[in-house]
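Go by the hints and put chain U onto chain H.
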Amino acid sequence: MKKTKVNQAHHLLKGKMVEFCGWELPVQFSGLSAEHLAVRTTGGIFDVSHMGEIFFTGKQALAAIQHLTSNNAAKLEPGKIHYSGLLTEKGCFVDDLLVHMMTENEYLLVVNAANLDKDFKWMKEKAGHFDVKIEDRSPGYTQIAIQGPLAIKLLAEFTDIDLDAIGYYHFVTGKVSGLDMIVSRTGYTGEDGFEIYFISDEEKATRLLLDLVEKGKRYDIVPAGLGARDTLRLEAKMALYGNDIDDAHTVLEADLAWILKLQKGDFIGREALQKQKEEGLRRKLVGFEMIDKGIARHGYPVYVDNREYSVVTSGTFAPFLKKAIGMTYLPIDRCAIGTEFLVGIRDKQALAQVIETPFYKSDKKSV
Amino acid sequence: MNIADFRFTKEHEWVGAEGDVAGIGISDYAQKELGDVVYVELPALGDRVSQGSACANIESVKAVSDIYAPVSGEVIEINEALEGKPELINQSPYHDGWICKIKMDNPAELDKLMDKAAYDEYLKGILED
Numbered sequence: 001m002k003k004t005k006v007n008q009a010h011h012l013l014k015g016k017m018v019e020f021c022g023w024e025l026p027v028q029f030s031g032l033s034a035e036h037l038a039v040r041t042t043g044g045i046f047d048v049s050h051m052g053e054i055f056f057t058g059k060q061a062l063a064a065i066q067h068l069t070s071n072n073a074a075k076l077e078p079g080k081i082h083y084s085g086l087l088t089e090k091g092c093f094v095d096d097l098l099v100h101m102m103t104e105n106e107y108l109l110v111v112n113a114a115n116l117d118k119d120f121k122w123m124k125e126k127a128g129h130f131d132v133k134i135e136d137r138s139p140g141y142t143q144i145a146i147q148g149p150l151a152i153k154l155l156a157e158f159t160d161i162d163l164d165a166i167g168y169y170h171f172v173t174g175k176v177s178g179l180d181m182i183v184s185r186t187g188y189t190g191e192d193g194f195e196i197y198f199i200s201d202e203e204k205a206t207r208l209l210l211d212l213v214e215k216g217k218r219y220d221i222v223p224a225g226l227g228a229r230d231t232l233r234l235e236a237k238m239a240l241y242g243n244d245i246d247d248a249h250t251v252l253e254a255d256l257a258w259i260l261k262l263q264k265g266d267f268i269g270r271e272a273l274q275k276q277k278e279e280g281l282r283r284k285l286v287g288f289e290m291i292d293k294g295i296a297r298h299g300y301p302v303y304v305d306n307r308e309y310s311v312v313t314s315g316t317f318a319p320f321l322k323k324a325i326g327m328t329y330l331p332i333d334r335c336a337i338g339t340e341f342l343v344g345i346r347d348k349q350a351l352a353q354v355i356e357t358p359f360y361k362s363d364k365k366s367v
Numbered sequence: 368m369n370i371a372d373f374r375f376t377k378e379h380e381w382v383g384a385e386g387d388v389a390g391i392g393i394s395d396y397a398q399k400e401l402g403d404v405v406y407v408e409l410p411a412l413g414d415r416v417s418q419g420s421a422c423a424n425i426e427s428v429k430a431v432s433d434i435y436a437p438v439s440g441e442v443i444e445i446n447e448a449l450e451g452k453p454e455l456i457n458q459s460p461y462h463d464g465w466i467c468k469i470k471m472d473n474p475a476e477l478d479k480l481m482d483k484a485a486y487d488e489y490l491k492g493i494l495e496d
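Protein sequence lines, in the order shown, are assigned to chains H and U. Position one of the first sequence corresponds to residue 1 (the working numbering), numbered consecutively onward. Position one of the second sequence corresponds to residue 368 (the working numbering), numbered consecutively onward.
In case anyone wonders, no lab produced these hints; they're calculated from the structure. Among these hints, one or two may not hold up.
Unchecked claim - Facing chain U, from chain H, some residues (calculated, C-beta under 8 Å):
#, residue
1, Ser30
2, Gly31
3, Leu32
4, Gly227
5, Thr231
6, Arg233
7, Ile295
8, His298
9, Phe317
10, Pro319
Beta carbons are placed, not taken as given, at the ideal position from N, Cα and C, and that holds for glycine.
If we strip away everything but chain H, and leave its shape as in the complex, we get (with noise of 0.2 Å):
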């Protein structure tokens, strides 16, 4: 397995270890739902990189971009960040990921570590005819996040960097506890937060994810692994990829129709999304809460009018929410709100029902 940097720190903090995409890394510190309240409430330190950070320089790196991604990349300006999809011809996904644009002709991509290797390949293949180096620097990078209310609190501890000025979205460079960084007002939780970028050795970023969790202490912020970070994102509808996308199913189908933007020009995917949207939808992908007891999980088989359709396609008990959620593929005749339909677990079918998504919203503006 591999190791991130801040590795050590894990086995201090006496992290459960798991093999997560060829890494290892923490599934809990103090529990499931304990880390997962801290981040709604206070806040939690997650070490993330695994994630990928693959890098376009060069002066068709936006019309590299634009041609490989769903969103409108011409829209962002040195700071800013959008959520975008890169696509198969077919419209669906090859991967979901973050586009920071660091100055004109270079821009940071950051991918699902499950993806990276497939992101890579896919990208050199599609769009190296631009006039662009594209670079996978991930080995070289550490990634944390900060995630919860008070994570801004804690962060600015350790830097001057004002980070009230850094809107959601958006990011900065500079010093944090010595190191550059790149600074992100970014998250996979659904609250208010900051991930942070940078390059060192193991021993300075293991120094630093001690420290935040000691000055943590302070404002009850905890570290948190994996398992908090799934159930985070799905109280938070955040898509994940393999489960609620993938190569099967479109954007528009996802329900990221706001991550499409069809007039910016021509990219990878753009006629068969056209397509669909003049012929219309015929699923789509909903979230759905339990109204039988019993909680529905990913693979789930998902039953209308008696008949199979679809499985589900995320599902926990939230910890927050404190109810049974899930989301899955409906037809698109069956995904009003309100609408019930029938989830297979083990030898029941117990009904549930399309509810509004988010599941869970932060009161905090900045989110």
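Relative to the frame of chain H, chain U by itself:
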């Protein structure tokens, strides 16, 4: 029922017998491994169970765990308190977190199970891995 008299399975269920009635639950190690229990699917009264077959389900936030009947017999009592407070299994795995009571077909089946000392040894082996 005194924990010292309990018998344990390799799947971390405990059995506490009073006459031919066996109370069952999961061990402290098991509840820690599961994390916060959020839902328990209890067997139905009158259900017949056989030693080693799944008789209940415990769900934590992240996973579902089958509970295997440590002894064969008929379910004569279920802990309905778990329906409203599944966390009793975390808080009190050996007492308030009991799952059900089985009228044993064959109390001799208990002999196949580990006593507390053997279970503690077994746990040591697991934790050392």
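Q. Does the structure break any of the earlier hints, and which numbers would those be?
A. As far as the earlier hints go, 1, 6, 8 are violated by this structure, in ascending order.
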